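Enquirer: Sequence:
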Amino acid sequence: MIRIQTRIDTKPLDRLIAGLPKATERAVREGCETIREEAQRLVPVRTGATRRSIHCEPWQTHHEGFPRSGWLRRNEFTGLVGPTTFYSLFLEFGTCKMSPRPFITPAVEYAKRRILESFRQIAGGRY
Numbered sequence: 256m257i258r259i260q261t262r263i264d265t266k267p268l269d270r271l272i273a274g275l276p277k278a279t280e281r282a283v284r285e286g287c288e289t290i291r292e293e294a295q296r297l298v299p300v301r302t303g304a305t306r307r308s309i310h311c312e313p314w315q316t317h318h319e320g321f322p323r324s325g326w327l328r329r330n331e332f333t334g335l336v337g338p339t340t341f342y343s344l345f346l347e348f349g350t351c352k353m354s355p356r357p358f359i360t361p362a363v364e365y366a367k368r369r370i371l372e373s374f375r376q377i378a379g380g381r382y
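Per the numbering used here, the very first residue in the sequence shown carries number 256; after that it's consecutive.
Incorrect hints may have been included.
Stated by the list, open to error - Keeping only pairs whose Cα atoms sit at most 20 angstroms apart, straight-line, the calculated EDC-like set for lysine to aspartate or glutamate is:
(1) Lys367 - Glu347
(2) Lys266 - Glu372
(3) Lys367 - Glu312
(4) Lys367 - Asp264
(5) Lys367 - Glu288
(6) Lys367 - Asp269
(7) Lys277 - Glu312
(8) Lys277 - Glu364
(9) Lys277 - Glu288
Simulated from the structure, these hints should not be mistaken for lab results. All values derive from a computational prediction rather than experimental measurement.
With the hints as constraints, model all of the structure from the sequences given.
Expert: And the structure:
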């Protein structure tokens with residue numbers, strides 16, 4: 256009978272795994288900022304209120320461990336990006352008397368490639 260013995264050093268992998276949460280949080284924050292900047296550039300402006308109200312919040316927790324903003328599911332990091340003016344939905348999707356003038360959806364499409372590239376860098380360019 257042939258017996259094979261293998262030894263694997265997991266220290267580099269352990270260091271990589273330990274740094275993932277911070278790197279992922281940074282990538283989410285940068286992605287949210289990219290979407291916010293592009294949405295502010297694209298939003299139709301009359302008074303500037305909607306442009307000023309566009310904000311971004313990466314996922315954060317309080318001391319109790321509950322999300323303060325955004326959501327966190329197992330293996331998923333998210334952030335919130337959007338305006339707070341009540342009529343921003345009318346601008347984005349339109350009404351029966353007003354055609355849509357989207358600004359959030361195109362901003363997300365614009366930022367999608369940059370966000371994916373950030374996560375590829377976190378993964379070491381392997382994916």
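Enquirer: Hints broken by the structure, by number, lowest first?
Expert: 2, 4, 6, 8
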